[in-house]
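> Take a look at the letters that make up each chain.
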Amino acid sequence: MAANRIAVAKTYKIYIGGKFPRTESGRYFALQDKQGKVIANMCRGSRKDFRNAVVVARAAQPGWAKASAYLRGQILYRIAEMLEGRREQFIAELQQQGSTQRAAEKEVDVSIDRLIYFAGWADKYQQVFSAVNPVSSSHFNFSVLEATGVVSILAPDDSSLLGLISNIAPAIAGGNTCVALASESKPLCAVSLAEVLHASDVPGGVVNILTGFRAELTEFFASHMDVNAIIYCDGGKAVARMVQTLAADNLKRVVGRTHLDWSGDAENPYLIRDTQEVKTTWHPIGS
Amino acid sequence: MATPENKLAFDGGWGYEPAPESTDHIKVDSRYGLFINGDFVKPKSGKYFDTINPATEGKLSRVASANQADVDRAIQAAREAYRGPWGRMKAAERGKYMYRIARIMQERAREFSVIESLDGGKPIRESRDIDVPLAAAHFFYYAGWADKLQYAFPGRTAKPLGVAGQIIPWNFPLLMAAWKIAPALACGNTVVLKPAETTPLTALKLAEVIAEAGLPPGVVNIVTGAGATGAAIVEHSGVDKVAFTGSTNVGRMIQKTLAGSSKKYTLELGGKAANIIFADAAIDQAVEGIVNGIFFNQGHVCCAGSRLFVQESVADEVIAKLKDRMETLIVGDPLDKNTDIGAINSSMQLEKIQSYLKIGKAEGGEMHQSSCRVPKKGYWCRPTIFTGVSQSSRVVQEEIFGPVLAIQTFRRYDEALTKANNTPYGLSGGIWTDKGSKIFKMTQGIRAGVVWANTFNKFDPASPFGGYKESGVGREGGLHGLDAYLKLGA
Numbered sequence: 144m145a146a147n148r149i150a151v152a153k154t155y156k157i158y159i160g161g162k163f164p165r166t167e168s169g170r171y172f173a174l175q176d177k178q179g180k181v182i183a184n185m186c187r188g189s190r191k192d193f194r195n196a197v198v199v200a201r202a203a204q205p206g207w208a209k210a211s212a213y214l215r216g217q218i219l220y221r222i223a224e225m226l227e228g229r230r231e232q233f234i235a236e237l238q239q240q241g242s243t244q245r246a247a248e249k250e251v252d253v254s255i256d257r258l259i260y261f262a263g264w265a266d267k268y269q270q271v272f273s274a275v276n277p278v279s280s281s282h283f284n285f286s287v288l289e290a291t292g293v294v295s296i297l298a299p300d301d302s303s304l305l306g307l308i309s310n311i312a313p314a315i316a317g318g319n320t321c322v323a324l325a326s327e328s329k330p331l332c333a334v335s336l337a338e339v340l341h342a343s344d345v346p347g348g349v350v351n352i353l354t355g356f357r358a359e360l361t362e363f364f365a366s367h368m369d370v371n372a373i374i375y376c377d378g379g380k381a382v383a384r385m386v387q388t389l390a391a392d393n394l395k396r397v398v399g400r401t402h403l404d405w406s407g408d409a410e411n412p413y414l415i416r417d418t419q420e421v422k423t424t425w426h427p428i429g430s
Numbered sequence: 012m013a014t015p016e017n018k019l020a021f022d023g024g025w026g027y028e029p030a031p032e033s034t035d036h037i038k039v040d041s042r043y044g045l046f047i048n049g050d051f052v053k054p055k056s057g058k059y060f061d062t063i064n065p066a067t068e069g070k071l072s073r074v075a076s077a078n079q080a081d082v083d084r085a086i087q088a089a090r091e092a093y094r095g096p097w098g099r100m101k102a103a104e105r106g107k108y109m110y111r112i113a114r115i116m117q118e119r120a121r122e123f124s125v126i127e128s129l130d131g132g133k134p135i136r137e138s139r140d141i142d143v144p145l146a147a148a149h150f151f152y153y154a155g156w157a158d159k160l161q162y163a164f165p166g167r168t169a170k171p172l173g174v175a176g177q178i179i180p181w182n183f184p185l186l187m188a189a190w191k192i193a194p195a196l197a198c199g200n201t202v203v204l205k206p207a208e209t210t211p212l213t214a215l216k217l218a219e220v221i222a223e224a225g226l227p228p229g230v231v232n233i234v235t236g237a238g239a240t241g242a243a244i245v246e247h248s249g250v251d252k253v254a255f256t257g258s259t260n261v262g263r264m265i266q267k268t269l270a271g272s273s274k275k276y277t278l279e280l281g282g283k284a285a286n287i288i289f290a291d292a293a294i295d296q297a298v299e300g301i302v303n304g305i306f307f308n309q310g311h312v313c314c315a316g317s318r319l320f321v322q323e324s325v326a327d328e329v330i331a332k333l334k335d336r337m338e339t340l341i342v343g344d345p346l347d348k349n350t351d352i353g354a355i356n357s358s359m360q361l362e363k364i365q366s367y368l369k370i371g372k373a374e375g376g377e378m379h380q381s382s383c384r385v386p387k388k389g390y391w392c393r394p395t396i397f398t399g400v401s402q403s404s405r406v407v408q409e410e411i412f413g414p415v416l417a418i419q420t421f422r423r424y425d426e427a428l429t430k431a432n433n434t435p436y437g438l439s440g441g442i443w444t445d446k447g448s449k450i451f452k453m454t455q456g457i458r459a460g461v462v463w464a465n466t467f468n469k470f471d472p473a474s475p476f477g478g479y480k481e482s483g484v485g486r487e488g489g490l491h492g493l494d495a496y497l498k499l500g501a
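Line order of the protein sequences matches chains A and B. Each number in my numbering comes from the position in the first sequence (counting from 1) with 143 added on. Each number in my numbering comes from the position in the second sequence (counting from 1) with 11 added on.
The following block holds chain A by itself, in its conformation from the complex:
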């Protein structure tokens, strides 16, 4: 690279419905490095952005749930492939936001492997958690899992890539669509992940990612009446209370993942099950 070449900086935008708009609000917040130098002007997402994202997530959900489990698994695998190809970029972004090189490398590698892990579960968790039930009457009766629907995710602030992926992957592996709020202090990787998703055959609207202020947006993520489940990963009792109180308006499933060690605890199919519903079907046995 010529020494006098001017680098082209990326505009970090939000990801809604398979598109990269700026926030409708026109607001931004300046992300700074440790020296106080501005790295990027991030979109300060709004309530309206969130609502737009829920609309497209809802529209995309039935189709995504109907896609074969094999296909969902392949698409998750494809995300891992694309992430692997852009490994250096993600490591650099994590370092820009304060990670050591070693920690950044580890986080990206584990993130890629985590996608592979959940890609493999996409067509297996059903068999682990389903049942044929031995009812006493002359009926065939079975219980299967189905996606809860639209999931809002308040991704962890600290584990900005691995934590985000560890919440998105199990939700979409199980046929849900989601709207995630990226880490507020380290939002770069979330936007770059959106670009990876975009190149990975993930249908538009299945994953939507906003950047913005946690304190402003949490209440909307928790209270929206067309969201079926909310996952929160940070905050003390006050946040938990607020999320659970607002979630009750439409009986959302509330999943708290505040004490998870993202590198160790987040590899099990119970993370998928958290955003699944059990459906039981009966049919008479007769002639």
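Keep in mind that the hints were calculated from the coordinates and are not lab data. Since this is a predicted model, take the numbers as computed values, not measurements. Just so you know, even glycine gets a beta-carbon here, dropped at the ideal spot from N, CA and C.
Here are the computed lysine-lysine pairs in the DSSO-like style, where the Cα-Cα straight-line distance is at most 27 Å:
(1) B:Lys70 <-> B:Lys55
(2) B:Lys267 <-> A:Lys380
(3) B:Lys430 <-> A:Lys209
The following label-pair restraints were derived from C-beta to C-beta distances:
(4) B:Gly238 <-> A:Met368: 21 to 27 Å
(5) A:Lys267 <-> B:Gly69: 55 to 61 Å
(6) A:Asp252 <-> B:Ser248: 42 to 48 Å
(7) B:Leu499 <-> A:Val198: 32 to 38 Å
(8) B:Arg42 <-> A:Met368: 45 to 51 Å
(9) A:Gly263 <-> B:Ser366: 51 to 57 Å
(10) B:Glu338 <-> A:Lys380: 58 to 64 Å
(11) A:Ser273 <-> B:Thr168: 20 to 26 Å
(12) A:Val181 <-> B:Lys498: 44 to 50 Å
(13) B:Pro435 <-> A:Lys380: 26 to 32 Å
(14) A:Lys380 <-> B:Phe451: 44 to 50 Å
(15) A:Asp392 <-> B:Gly69: 39 to 45 Å
Take the given structure of chain A and dock chain B to it, following the hints.
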């Protein structure tokens, strides 16, 4: 007897003589205390309330009204039992106690059925053939899980939660008590249960059974009372788990109350199930399914098939046959073995149902009721259907919890699915068709936790039950019902 063409002569000269179940073999005390720490004790509140027979409006007994101090005492007893004998007991032994409960309930089944029908108004045919046997079966089923929990959740360890606070409704008083208590005990928890204020008697008789089975004191405590007693349980810091069955509004309040606490909860709430009849269904069977779906237990069923969707080409035929069949339904004395539809559970519930009948008519719906006579005393509602209603009608959108069916039509399967899913509820649904592929298309498409195909309102201890969306959180019954009473760890 001459009848119009194509009309069945249901009343063709043959009537039914009364066939009442006798009540001389049952024992109901004139007054009941609270069942705490293995004994019936006087309430610290000093207060009692009447429980009445909704079919006669006569008083059956007086029942203690538990206040905060009483709830404290019950939860304390449950905590001590959890720390003590129950918590230390080998799982297999816990299971054996539960088997005992199941056996004693089977032995006393007739007594339980009669009291259930007296206190709640449901036909003896249902309490005898459904409520009581299923309740015993629930204990028998979960008894066997007690020492097998490590096989239920692969890769996880399963530990009990502690003290479970459980609040149950009046529509299946004994069965709901069994749904709540059996899995809680199997998983090693202890229990404080509050039955509904209009139907406390069978839960108190169950307390007798539990004492008879010799369970250590405090493992199961039964406190009677109204909403305030329930709130005291939900809010109590000594409770680790709340299980509630009842209305969506109260469920919402409970979820808000529990916000910020570490209490686990399961909520089984309201419903407005779609029952969908395709033209290729076995129509006569479907009509039976419609009747069972909405008139079972006077329609006091959260999973009742209260919205009927009939494919347009057979709508006239189905509605005509349904009206004919409704004429045959016998409304009256719950203790009469011929009775199909018993008494509405309370005057309050009857008022609510009647207000919906007014609303349905005011909104332009066409109401049809069977012409049967109903007794003068007591609370009764004839089987009722509404036609000419739309998706926005309140009788289509809101849970009535009575024998009231809202009928709409559809042309294509996707129209039926869209209409069926156009509700905040998602507890149950029904499909009637002779085509297998259509069954799967529809049962997969309905957003509800229980779907019946070519049948309706079937329940079994091995079968998980619970709702999507605003019909609740969590499942009861089957392997999946264990989760609600366990802490799963790595």
